[in-house]
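From first to last, the protein sequence lines stand for chains A and B.
Read in order, the letters of the first sequence correspond to residues 1 to 253 in my numbering.
Read in order, the letters of the second sequence correspond to residues 1001 to 1186 in my numbering.
For the record, the hints were derived by calculation from the structure and aren't laboratory data.
Treat the hints with care, since some could be wrong.
[Stated by the list, open to error] Derived list of chain B stretches under chain A, where covered just means 3 residues or more per stretch with a C-beta under 8 Å from a C-beta of chain A:
#, region
1, 1021 to 1028
2, 1052 to 1065
3, 1131 to 1143
[Said to hold, decoys possible] Result set (DSSO-like, lysine-lysine): computed pairs, CA atoms no more than 27 Å apart in a straight line:
#, chain 1, residue 1, chain 2, residue 2
4, B, Lys-1177, A, Lys-5
5, B, Lys-1045, B, Lys-1066
6, B, Lys-1177, B, Lys-1151
7, B, Lys-1066, A, Lys-38
8, B, Lys-1151, B, Lys-1066
9, A, Lys-5, B, Lys-1035
10, B, Lys-1161, B, Lys-1060
11, B, Lys-1031, A, Lys-38
12, A, Lys-5, B, Lys-1151
13, A, Lys-5, B, Lys-1173
14, B, Lys-1066, B, Lys-1031
15, B, Lys-1161, B, Lys-1173
16, B, Lys-1145, B, Lys-1060
17, A, Lys-38, B, Lys-1011
18, A, Lys-38, B, Lys-1060
19, B, Lys-1035, B, Lys-1066
20, B, Lys-1045, A, Lys-5
21, B, Lys-1060, A, Lys-5
22, A, Lys-5, B, Lys-1011
[Said to hold, decoys possible] So these bits of chain B aren't anywhere near chain A, every CB distance computed over 10 Å:
#, residue
23, Leu-1016
24, Lys-1045
25, His-1070
26, Arg-1080
27, Asn-1084
28, Phe-1089
29, Gln-1093
30, Gln-1122
31, Asp-1126
32, Glu-1148
33, Lys-1151
34, Met-1152
35, Ser-1181
Note that this is a predicted model, so its numbers are computed, not measured.
Cβ coordinates follow ideal geometry from the N, Cα and C atoms, glycine included.
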Amino acid sequence: MEPTKIETQIQSEFQNRTIQPSAAAWDRLDAMLTVAEKPKKTFAWLQVAAGFAGFVLLAIALFYQSKPLLDQQNNQTVVTIDTMSSSKKTEINVLNNNEKKAIKTAETIIANSDSKQNLLKNKTTAEKTIIVQKTPINKEQPIVNNNQIIPKTIDQSDLENNNSKMNQQVAQIQLQQPKYINPATLLADIDNKSSIQKTEVILPNQTYKINAKALLSQVDGELETSFRERVIKKISNAYQTTKVAVSERNNAR
Amino acid sequence: MKVINLNQTEKNLIALAITNSRSAQQQLYSKFAPKMLGVCRQYTKDLPQAEDLMITAFMKVFTNLKNFQHNGSFEGWIRRIMVNECISFLRVQKKVHYLDDENFLESTENPIENELAAHDIQHLIDTLPDGYKMVFNLFAIEGFKHNEIAKMLHISEGTSKSQLSHARNFLQKQINKRNNSNNGTN
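The task is simple: from the sequences and hints, build the whole structure.
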């Protein structure tokens, strides 16, 4: 399809046609060029800062996700310790009370034993005096004071009877009187009993029991992965890279 | 020597304009703006609209001046930018649609042979519908081939040919009408 005559004419006419633009046309173009040539604000630093902030937030979120487990483990031990401490306090109070009671009983026992000893002494002295008094009158022996013991011949049958009676009385007294107990041994017994009670006491407030395996795993976890340390390392590395990038950008400008 | 000097001058101006020298840019604008406004006027009968298209196109010229590789003429490169700007305007703003009637047969009537003045031709072209006008301008005035026009307008080559035929017929009728009216007055 070739161009016609009129079309060639049109082409020749219009190829060189000129129309003068208005005076304001250049002013408008000048304004548009001025706007286009303004240096665009680079928000590269903003992008870097936003990326760094996003990374920090992500790290914090991951850290706090793992924190409840740690807290739970810690709480287990903490709770147990607390309960133990409170129970310990009760135990201590109980022990103190028990000890006090034991001491009191020991003292009373000692007091009783002392009194009983005194009684025994008196009894022995009384026996002795009785024995002294039971010396035969027939025999001419000087009568002495009760406090003095005079070896003289004694009527054996009477002595035996008296002895048996005395023995019976002494036995009765000994039965009535408790045995002398050493307070130190008594306290030691109480301590043993309390130690036994310690292991048997059931803590009402305790919700977690001490799990040795958990403690060990916790320690192992702290030794192997210190998640906090890893996060801090990553953050420091990111900070260093951003710092270098910003300094390079500033130097380039 | 003068041509060489002119080319040297134009090259120097282009080099300065790349560095955002406003004086160089203004000199280039003053040199090529009148002709480019005529190009834009072919595609729209509204002169202020044509001026807006020219300014927008010159903005693209100065923005992409560093991409000019001095392979062809600088004027032809600017003119191509103007044409593309006008085509995009008509396609987007006026939403020109092309009827695919590839079976349209060209009229066998006498072709246009009258010599007309530029303003008469322009008046006749202004009466063309936008679709016809674009194909006619690209083919008859800019000298593009139908395959090139098809690529530029995203139409088929057959549609381009049919559009041109329609444009020619329309112009022919307009010219005949004009001639009849002139003969009638005479």
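Violating hint indices (sorted, rising):
5, 6, 10, 21, 22, 30
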